[in-house]
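K.L.:
As a plain string of letters, each chain reads:
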Amino acid sequence: MAVDLRNFYEEAREEYYQVLTPDGKCRHDDHRIDKQVMMDMFKYMLTCRIFDEKALILQRQGRIGTYASFKGQEACQVGGVLPLRSTDWLFPTYRDHGAMYTHGQTWKQIFLYWMGHMDGSITPEDKKIIPPAVPIATQLLHAVGTAWADKLDGKDNVSLVYFGDGATSEGDFHEALNFAGVYQTPTVFLCQNNGYAISVPFEKQSASKTIAQRGKAYDIEGIRIDGNDIFAVYLTVKRAIEKARKGEGPTLIEAVTTRFGSHTTADDAKKYRDQQAIEKEWAKNEDPLARLRLYLKNNDLLTDSEEKQWTEEMRKEIDEQFKEAENYPRPTVQQMFEHVYKEKTWTIAKQEKEFLQHLGKGGRSS
Amino acid sequence: MAVDLRNFYEEAREEYYQVLTPDGKCRHDDHRIDKQVMMDMFKYMLTCRIFDEKALILQRQGRIGTYASFKGQEACQVGGVLPLRSTDWLFPTYRDHGAMYTHGQTWKQIFLYWMGHMDGSITPEDKKIIPPAVPIATQLLHAVGTAWADKLDGKDNVSLVYFGDGATSEGDFHEALNFAGVYQTPTVFLCQNNGYAISVPFEKQSASKTIAQRGKAYDIEGIRIDGNDIFAVYLTVKRAIEKARKGEGPTLIEAVTTRFGSHTTADDAKKYRDQQAIEKEWAKNEDPLARLRLYLKNNDLLTDSEEKQWTEEMRKEIDEQFKEAENYPRPTVQQMFEHVYKEKTWTIAKQEKEFLQHLGKGGRSS
Amino acid sequence: MTQEKKNILEAINETLDQLLAKDEDILLLGEDIGRNGGVFRATDGLFDKYGENRVIDTPLAESGIIGSSIGLALNGKKPIVEIQFLAFIYPGFEQLVSHAARMRYRTRGQFTVPMVIRTPYGAGIRGPELHSESVESFFAHTPGLKVVVPSNPRDAKGLLTAAANDPDPVLFLEDTKMYRAFKEEVPSELYETPIGKANIVKEGEDLTVIAWGGMVREAMKAVKKVEQENNCTCEIIDLRSIVPLDAETVIESVKKTGRAVIIHEAHQTAGFAGEIISLINEEALIYLRSPIKRIVGFDVPVPQFLSENDYLPTVDRMVEGMKETVHF
Amino acid sequence: MTQEKKNILEAINETLDQLLAKDEDILLLGEDIGRNGGVFRATDGLFDKYGENRVIDTPLAESGIIGSSIGLALNGKKPIVEIQFLAFIYPGFEQLVSHAARMRYRTRGQFTVPMVIRTPYGAGIRGPELHSESVESFFAHTPGLKVVVPSNPRDAKGLLTAAANDPDPVLFLEDTKMYRAFKEEVPSELYETPIGKANIVKEGEDLTVIAWGGMVREAMKAVKKVEQENNCTCEIIDLRSIVPLDAETVIESVKKTGRAVIIHEAHQTAGFAGEIISLINEEALIYLRSPIKRIVGFDVPVPQFLSENDYLPTVDRMVEGMKETVHF
Ligand SMILES: Cc1ncc(C[n+]2csc(CCOP(=O)(O)OP(=O)(O)O)c2C)c(N)n1
Ligand SMILES: Cc1ncc(C[n+]2csc(CCOP(=O)(O)OP(=O)(O)O)c2C)c(N)n1
Ligand SMILES: [Mg+2]
Ligand SMILES: [Mg+2]
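Residue numbers (full-length UniProt numbering), protein chains in the order written: chain L, 1 to 366; chain B, 1 to 366; chain A, 1 to 328; chain Z, 1 to 328.
Quick caveat, the hints were computed from the structure, so don't treat them as lab data. It is possible that some hints are incorrect.
To be verified - Below, simulated BS3-like cross-link-like pairs (lysine-lysine); rule was C-alpha separation at most 30 Å, straight line:
#1 LYS271(L) <-> LYS78(A)
#2 LYS209(B) <-> LYS209(L)
#3 LYS243(B) <-> LYS78(A)
#4 LYS35(L) <-> LYS25(L)
Work out the full structure: start from the sequences and follow the hints.
P.N.:
Right under this line is the structure:
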């Protein structure tokens, strides 16, 4: 078991780096992960799964807006964030609620975001979680900037940025990787290659076979891993973070995973892919939660009753969080006029005043 | 001498592909180039050099505007364009007058462009030369589009696009290469890596050592060549063009060359580089015209008196062209209002009418 | 001509279908427009019918889409591009503004870029952030671009056909909340509704109401109320395109009514209402009996969707504004 | 306070120098701003003085520059970015409009992006294509951005200092033809000229002339002529920033004079003059004695430089417009 992790990255270029096999066996390296961390991994992934299922139901009931499910990507999101310190920066996309939660965002806030609340983008004061970037690939540059600032200040924080396979086609991907290469910023670029950008499969997105190989264009290490294997994700990101902290520059990680469901609740994956086949294959070989469960059980680290109990607790907690979100006061008209600038301009103040007067006289806003 | 060209591309990845050495010797492959083509190369490069010197003088005299010299890059521009057919597309930058001229643009038009004439961007009717792109890297995408259209129409034209080393940092470089890879467009991407983007040396532009290596990110062949060696440029571009015509997709060529002078006449290279050292090294090892001259003389293909005679003829011709440009009518006010749309809008027509009335009443426009 | 009841989306889909059938050089390009039929389904069925060389699922790169479409257009194709939402045009802003809009001008007509960029715009469908912008004035401020905004299915078909046949680049803005809002009879064959000619939706004597896109229907509701309660008649002008602007129709109407209200969803500051007010000021100031009102979006980012109805001009705000204008 | 005669460029260079000296978190970023000192030399000497970690020559990538500066600003730095020419901001348009302008709003003040983007704008120096744009209204239409345009060395220093200290992102537009056009006394120490407060360059009774940036001096020339020949006095307002707009100063002045001329270099359609006309229409219509005139750039792309003087508002056009307004 004394294999050097490094080798796997080398050999991984062709295929990908995998530690935990779909049948719950560990190929090597499991000794590197603390048992407690393994249990955290499982619990975080479990609560993610429960949240996601709940959110889908709530969306169907019209109680939250369009929602982007991340089922299938829990290993990337939990495994990628667990190695972070609380002083590190996290840049998620609209699909990375699991990453946000694992780093400290509350489910309540995540609900608020998807309910269209102005306050839904507020993140914990003691964490540096930037709310989801909606325009694709733009956040990569922000993560270069925050990392760069830390480097300039001599702080050993890192910036971890999530993005999808589709994002790698945007110019901002290129510019971010190039800047990170030039300034050797402590940025970890974590691409969840879930095979699709909405309906467009990665083969149509690029002629290149992998995303990891793009690192070479910027002299950045590029690593391809099994994104359904939380051990691989965890170990790889951890190593990239440590490298970054030591001042050894950025890493590009391509985590190959599966988007189990549709792009969002506004999308219907059946239109463009064999959803049934995907679900079957997923259940058999790709479900990251099932894989870890199998491993933990194989190694007597988890019992059914434990999981059942946790599941109940988590459900309750998430229900609670949703209730809080649902009881959250609707944004006021005044709030709409706040925070455009630090100080309201004459124009904004006037617009607010007149609109409030109008409402006062019985004008309705919807 | 029966070495397969291919091998050099392979071995060239580390260093670069070179055919003609600075001391005017041919390493191999010269048999592939027709003697007549060699003479054309020399003549085109010579006239380019003469034009450039003239333009610099005219700029100093205030008879043309800011001017971008291309001295040192003649091999890239002449050698890259000579393999084109007249049905192929050419996309130059603001520094590629040599390429434009070689493909059929007149020096007169090129003068008009730099004199700020509205008509200076008109190119020969029977050629497809798009006027210089000013916003960096944007033209790469156009060259993907024109090539794509030809491919869709089953025509075997190619699109050749010039750009600089600085351009490879822009998002559009990435998007263009990616599109070309996906749609396998017959586009030849010819990067003149002259080591500088204005004042910024390539080492600051990217952490990657070469530009050619970026091809891999898009599964596009990337080739690095000596851009001061017109044989290498010609053979490489020719091969890329033939490949593209056969439907075998795009090629990225990095031609390593030297910008002899300042970025433009508005720039002073001495501020940021050791211009003297560069000029010395250039004269010794890099001047593409001197290199070909040496070769031709070594092989008894050229005499001093021939060159002298051509030089005189070319000077006269360029003087003639400049005279025509200087006598070209100033753009009229009416012209300023034309060609915004095919048909003038009410607004534009009104603005024109009122402005003409104003001028009629004695209002001056400058 | 036979007609059929269609909503805007259906009208657009049918138009694209007929354009593809009629002209081999027409290509559709965009993200998810192929098998998926576009996120709003505007291109539904067209991939199967015309194949992947006519209905092209592009990589996720707007500069790439617009930039390569410029090349396609230079070389004889007529690209009709879909940008998924208006705010996602920004990565391609340079290609649109510095190239598509300028190619004819800088080459004195030698090279041209006839292309259409279709894109959904506007708030009101509970979309996520940046899915609800209406920044048409950016493009109106770009000489060389035309900016077309249909308000109903019949115009959507006629204007899209005209845009596809237009020799200049056209930005074609489709109000998301109107896509399926209502149906009306749409002629089955292709026809052109001229770009640059406003539509007088309804004549009136006391007030000119100017709007475009989705705001036209809201304006109609407001006018109905105002006319009922105020013993006046309003003229409603649907601009159809803001560039070219049908100045004559606007001026004539205001000369008649002496009053105007301009409605748009975009932010007030530097929004297009300012241009129309300027036009009226220049051409018809002395006819004005009261200040021209802008009932427009506020100068705040389009907020998260729980607040979007606060942001959007409402019928109530319109009614109040119209009344104030009439009773000034 | 000691003073020294400086042109705008020298004033900016000195201000940047003093800002860098005073605040360790201030960084300069841009293309060629390092050893080269910027293409206009605005950062001359600063690289040698503050080193490559403070005065940063970036790769040629505007989205990269603005996007990474957003990250720098999120993490405590205060980036002052130079974009080489205004039209080259377009590749970074999305970062500016969809992120820098919105970060405070979407996070309810939790995360902010205090940064300055300096960029030369305007025609008149025989620049190549796309080196002469003045599209300030794009940015004025983007809530969350401030848009500052100094017209003289003294203001350039004070406004740039205020911009650097501003908690919000500021676009700072520098008219290229003014850079070295004239010198005036500039205080040696750092000081702030408040952003959002217009400058009444000269009081007058009969006409309000509104301009910003390089057009202020042209307006002054025109006013001189008009006053000499027409027995009237003009009030000249230099807006200094178009967002925030000093509405009060404008309104008050027009209420007094009853007439207004607005001057800008940008294209007419959807240019910022429309906003000011709308403001006057809303707040002071009844005071108007004649239509408000726009003396502005035409609705054509800024042409190649032999024609740029045809494009630009000239003193003669201003004089004619002012006379027409006064004698309406
Ligand atoms: C600039 C931009 N263009 C288009 C969109 C619309 N859009 C939202 S998600 C998406 C697909 C993203 O795919 P990928 O990067 O693979 O991430 P995934 O959704 O698979 O997590 C698209 C096209 C956008 N948000 N931003
Ligand atoms: C988008 C954009 N940004 C900045 C500029 C200003 N600019 C003009 S040339 C140049 C350097 C280009 O360098 P490179 O691509 O190496 O070409 P070279 O000038 O060396 O031929 C820059 C920054 C521009 N024209 N377009
Ligand atoms: Mg994906
Ligand atoms: Mg270069």
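K.L.:
Could you run down the list of hints and mark each one as holding or not?
P.N.:
Hints and how they fare:
{"no.": "1", "hint": "LYS271(L) <-> LYS78(A)", "in the structure": "27 Å, holds"}
{"no.": "2", "hint": "LYS209(B) <-> LYS209(L)", "in the structure": "22 Å, holds"}
{"no.": "3", "hint": "LYS243(B) <-> LYS78(A)", "in the structure": "27 Å, holds"}
{"no.": "4", "hint": "LYS35(L) <-> LYS25(L)", "in the structure": "15 Å, holds"}
Going through the hint list in order, the structure satisfies each hint without exception.
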